[in-house]
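Protein chains in written order, with this note's numbering: chain H, 224 to 399; chain B, 66 to 270; chain Z, 122 to 333; chain V, 50 to 249.
Each hint should be verified, as a subset may be incorrect.
[Claimed, not checked] If you want a taste of the chain V side facing chain Z, the calculated C-beta under 10 Å gives, among others: (1) 65; (2) 83; (3) 102; (4) 107; (5) 115; (6) 119; (7) 121; (8) 122; (9) 123; (10) 124; (11) 234; (12) 236; (13) 239.
[Unchecked claim] The following residues of chain B were derived to be distant from chain V, with all beta-carbon distances above 10 Å: (14) 96; (15) 128; (16) 147; (17) 170; (18) 221.
No lab work stands behind these hints, which were simulated from the structure alone. Note that the Cβ used here is the ideal one computed from N, Cα and C, for glycine as well.
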Amino acid sequence: MNKNNNKRPHYLNPYFGGVLLGLLVIATFYITGRGLGASGAVKSTVVETVETLAPQHAESSPYYSKYIPKDTSPMNNWLVFESFGVLLGGLLSGVIYGRVKKFRVEHGAHTTSAKRLVFAVLGGVLFGFGSQFGRGCTSGAALVGSASFSFGGVIVLISIFGTGYAVAYFFRKLWI
Amino acid sequence: MNRNYLFLTLLMLVLAIGTFFIKKDDVYKNQIKPETLLQVITQPSRYVTTDQVAKRIIEKDPTLELIDVRLPGDFDKFTLPDAINVPLKDIFTDKGQDNLGIEDLNVVFFSNDDIIADQAWVIATRLGYKNMYVMKGGLNCWIETIINPTMPPETASEIEFEQFRFRKAASLYFTGGSTTQPVSVTKAKVKVRRKKKEKAASGGC
Amino acid sequence: MHVHERNPKRTLITILLFALVIVFGWITMKKPRFNYALTPQQTVDMVINHRGCFHPYELEKVLNHKGGDVILIDIRNNFDFAKGHIPGALNITSVNLLNEENIKQLDEWKKNNVKVVFYHDDQLQANGAWMLFRQIGYSNTYVLLGGYRYFASYKDNLKQSEGTCLKGTAKYDFATVAKKSVAGFGDVSTSKPAKKVKVRRKKKEKAASGGC
Amino acid sequence: MGPLIPNDIITGDWNFVIAILIGIAFGFILEASGFSSSRNLAGVFYGYNFVVLRVFFTAVIVAMVGLLYFDYFGWLDLSKIFILPTFLSPMILGGVIMGVGFVMGGFCPGTSFTGIAIGKTDALFFAIGLFLGIFIFGEAYPYFANFYNSGNMGNVTLTDVTGIAAPWFALGFTVIALAAFWVTAEIEKKVRKNMKEYKF
Numbered sequence: 224m225n226k227n228n229n230k231r232p233h234y235l236n237p238y239f240g241g242v243l244l245g246l247l248v249i250a251t252f253y254i255t256g257r258g259l260g261a262s263g264a265v266k267s268t269v270v271e272t273v274e275t276l277a278p279q280h281a282e283s284s285p286y287y288s289k290y291i292p293k294d295t296s297p298m299n300n301w302l303v304f305e306s307f308g309v310l311l312g313g314l315l316s317g318v319i320y321g322r323v324k325k326f327r328v329e330h331g332a333h334t335t336s337a338k339r340l341v342f343a344v345l346g347g348v349l350f351g352f353g354s355q356f357g358r359g360c361t362s363g364a365a366l367v368g369s370a371s372f373s374f375g376g377v378i379v380l381i382s383i384f385g386t387g388y389a390v391a392y393f394f395r396k397l398w399i
Numbered sequence: 066m067n068r069n070y071l072f073l074t075l076l077m078l079v080l081a082i083g084t085f086f087i088k089k090d091d092v093y094k095n096q097i098k099p100e101t102l103l104q105v106i107t108q109p110s111r112y113v114t115t116d117q118v119a120k121r122i123i124e125k126d127p128t129l130e131l132i133d134v135r136l137p138g139d140f141d142k143f144t145l146p147d148a149i150n151v152p153l154k155d156i157f158t159d160k161g162q163d164n165l166g167i168e169d170l171n172v173v174f175f176s177n178d179d180i181i182a183d184q185a186w187v188i189a190t191r192l193g194y195k196n197m198y199v200m201k202g203g204l205n206c207w208i209e210t211i212i213n214p215t216m217p218p219e220t221a222s223e224i225e226f227e228q229f230r231f232r233k234a235a236s237l238y239f240t241g242g243s244t245t246q247p248v249s250v251t252k253a254k255v256k257v258r259r260k261k262k263e264k265a266a267s268g269g270c
Numbered sequence: 122m123h124v125h126e127r128n129p130k131r132t133l134i135t136i137l138l139f140a141l142v143i144v145f146g147w148i149t150m151k152k153p154r155f156n157y158a159l160t161p162q163q164t165v166d167m168v169i170n171h172r173g174c175f176h177p178y179e180l181e182k183v184l185n186h187k188g189g190d191v192i193l194i195d196i197r198n199n200f201d202f203a204k205g206h207i208p209g210a211l212n213i214t215s216v217n218l219l220n221e222e223n224i225k226q227l228d229e230w231k232k233n234n235v236k237v238v239f240y241h242d243d244q245l246q247a248n249g250a251w252m253l254f255r256q257i258g259y260s261n262t263y264v265l266l267g268g269y270r271y272f273a274s275y276k277d278n279l280k281q282s283e284g285t286c287l288k289g290t291a292k293y294d295f296a297t298v299a300k301k302s303v304a305g306f307g308d309v310s311t312s313k314p315a316k317k318v319k320v321r322r323k324k325k326e327k328a329a330s331g332g333c
Numbered sequence: 050m051g052p053l054i055p056n057d058i059i060t061g062d063w064n065f066v067i068a069i070l071i072g073i074a075f076g077f078i079l080e081a082s083g084f085s086s087s088r089n090l091a092g093v094f095y096g097y098n099f100v101v102l103r104v105f106f107t108a109v110i111v112a113m114v115g116l117l118y119f120d121y122f123g124w125l126d127l128s129k130i131f132i133l134p135t136f137l138s139p140m141i142l143g144g145v146i147m148g149v150g151f152v153m154g155g156f157c158p159g160t161s162f163t164g165i166a167i168g169k170t171d172a173l174f175f176a177i178g179l180f181l182g183i184f185i186f187g188e189a190y191p192y193f194a195n196f197y198n199s200g201n202m203g204n205v206t207l208t209d210v211t212g213i214a215a216p217w218f219a220l221g222f223t224v225i226a227l228a229a230f231w232v233t234a235e236i237e238k239k240v241r242k243n244m245k246e247y248k249f
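Excised from the complex, chain H in its bound form (with noise of 0.2 Å):
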């Protein structure tokens, strides 16, 4: 290995930071008896827009009134605090291992910003999608759902990485 590697910005030891994040989880699981979660934040975030410019609309879909709680706002809810803390993290993380700067897109060597742009768009919209199905993402399905040894958290965790394999040839031109 070059020397210039060395001196790129420091990450944990991969093995370091799944040791914390499975003692984390259990710790979760300890304390409030569930499982982190991302995907349920943007939910809450969806709900409340919606509710918000067209309340009607809101509480006549069989799908938004679900998670509309009847005396608090669907944002008073455990994940979107939890993903608030999240985005604390990340940049508390980011100061000490100096790596937060003004924002700045990352793209492998044979695409343009624009084009990875509109895929990041396309991924988010598609995994925002299949998480609706999957009941929860990486985190709140895959990860604490295996954990806890859930037969459905397996099952999302093999389609995810399986169909992740599968496909990845055909974009292969944006990351490598």
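For chain H, the structure is supplied; the task is to place chains B, Z and V on it using the hints.
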């Protein structure tokens, strides 16, 4: 590759294999501890008398769930009104457990006499179910006290006569005579009600 | 390899600490005093096949030979015991059965293959204690059929009890007895269809909600 | 003893404070492991960076094994924790869609938040995409409501479905994960030789 990776791999394997030595009885999660079981077993509070059961059937108590633990053949020939048949051998199967632990229902086990019902009660209690009772004396006692009550001797106390009148009326009720003499039934019921539960059960098996 | 992947020192330390916590938990964990030796299935088999019953006629031998390999335990309270008990019986009130010294005694009997027979006023009241001990592995325990009451009334002629005092049988033909007393009998007691029960498995108590 | 909040050892008032603290820890671990970079994440599919696989599977096996021990010691009642419900066919489809989204977008929801935190525009766009995706789902929900609710098996665990005891799954996952760690380390070495431009 650092040697520590080898240590990590081995350590993680040991931890994972270690989980095999802590295997718990996964099937019966709510099982109570033997010490607790002894405590409840020594309490006679699980026994209810045939009079109490009869009264609750007559009053159409919605919280009463009668479970007949005899064999299906016996059950088909005769059982108490609205009883469910869960033979003793099925008590802990999924089918049997569907009938137990239902919120707000009080289960009363009965059999020919009380032994088999009591055994069902012990097993179900061990499995963690609550609100269960055993009809003392079982169906034998049911016949002797409710269907064919014996007249108390002249010298008996008023309470015993009241009980007898109740049983007589109940007998009519359970053998189909209730429509012919509705008055006596209600009378008896009112009288019986005045008695406190604790004082009741003085007669029989 | 990148620098941060070269030496997983901190990972190793964390995992070791985690392992220590687990070892600590293992050591400090309260081991239950008793474990069930019989599954519910085995318990049901045992009671259905009337295993572990001690018939009154067997008492005769015990009384004549004085002790031997059978120990009688009166599990009533000591007041009832003082009023009268089977000769040679020990008194251990049922609530005290699991006490340290009694368990020690029972363990010894179990080791020496001594039959331990529980009795109360009748079979019903000794049934629970007997079933408990069978279920926690004391396969040398028995329950006296008929209980003390039967013994007290027939102590001079225990032989006749052979086959007679097994509880659990119907004394009457219920179906006929139940309908005989009244003429215009309805269908109340015979062919009533079983009540429909809301089949609802026991719910988890207060499980946490959540997920994404 | 645990879980603390469902057992009322900590009152529910603390719930949101705890949520933020747990979130901070979660975000820190993700960012510090390098999950804020989409190229690190996508590397798992092309063999040049297996950080996702390492962090993810280490977390899963540590949590699986830990939960089993904690349950046994009576510290954490596994019957009281939330088990993700299983909807078989919708979950498989959802996973497939998410898998494609992962390769295209290079993030997953949690990691995109940490990306935003350190100033990645692509992470921000991914999060906007997430918002749109869930919005589209909500609007189109009536068309596939039946499918969405099909295959409901309830809150089942692997043991409930297969009848195999949980330690087998813990050991199985551990062995597979450890083997994968050693194999992918070799793959990574080979692939990286050909990628002069990518800085780790």
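Now for the hints, and whether the structure bears them out:
About 14 Å separates the beta-carbon of residue 65 (chain V) from the nearest beta-carbon of chain Z, more than 10 Å, and the hint is not met. A distance limit of 10 Å between C-beta atoms decides the matter here; for residue 83 (chain V) the minimum to chain Z is near 9 Å, and the interface restraint holds. The beta carbon of residue 102 (chain V) is not positioned within 10 Å of any beta carbon in chain Z (closest approach about 13 Å), and the interface hint is therefore violated. For residue 107 (chain V), the interface hint holds, since its Cβ comes within 10 Å of a Cβ in chain Z; the closest pair sits about 8 Å apart.
At about 7 Å, the closest approach between the beta carbon of residue 115 (chain V) and any beta carbon in chain Z falls short of 10 Å, and the interface hint on this residue holds. Of the supplied interface hints, the one on residue 119 (chain V) holds, with its beta-carbon coming within about 8 Å of a beta-carbon of chain Z, less than 10 Å. Nearest Cβ of chain Z to the Cβ of residue 121 (chain V): about 8 Å, under the 10 Å cut. The hint holds. Satisfaction of the interface hint for residue 122 (chain V) is found here, the shortest Cβ-Cβ separation to chain Z being roughly 4 Å, below the 10 Å cut-off.
For the restraint placing residue 123 (chain V) at the interface with chain Z, the shortest Cβ-Cβ distance is roughly 7 Å, inside the 10 Å limit, so the hint holds. Taken as an interface hint, residue 124 (chain V) checks out: its beta carbon lies about 7 Å from the nearest beta carbon of chain Z, inside 10 Å. Given the 10 Å rule on beta carbons, the hint for residue 234 (chain V) holds: about 8 Å separates it from the nearest Cβ of chain Z. The interface hint given for residue 236 (chain V) is broken, as the beta carbon of that residue sits about 13 Å from the closest beta carbon of chain Z, more than 10 Å.
Interface hint at residue 239 (chain V): violated, since its Cβ lies 12 Å from the closest Cβ of chain Z, which is beyond the 10 Å cut-off. Annotated as non-interface, residue 96 (chain B) keeps its C-beta farther than 10 Å from every C-beta of chain V; the closest such distance is 12 Å. The beta carbon of residue 128 (chain B) sits about 27 Å from the closest Cβ of chain V, which is more than 10 Å, so the claim that it is off the interface holds. Distance to chain V confirms residue 147 (chain B) as a non-interface residue, since its nearest Cβ pair spans about 30 Å, more than 10 Å.
Against chain V, the non-interface label of residue 170 (chain B) holds: every CB pair exceeds 10 Å, the least being about 23 Å. The claim that residue 221 (chain B) lies off the interface holds: its Cβ sits roughly 54 Å from the closest Cβ of chain V, which is beyond the 10 Å cut-off.
The structure fails to meet hints 1, 3, 12, 13 from the earlier list, while all remaining hints are met.
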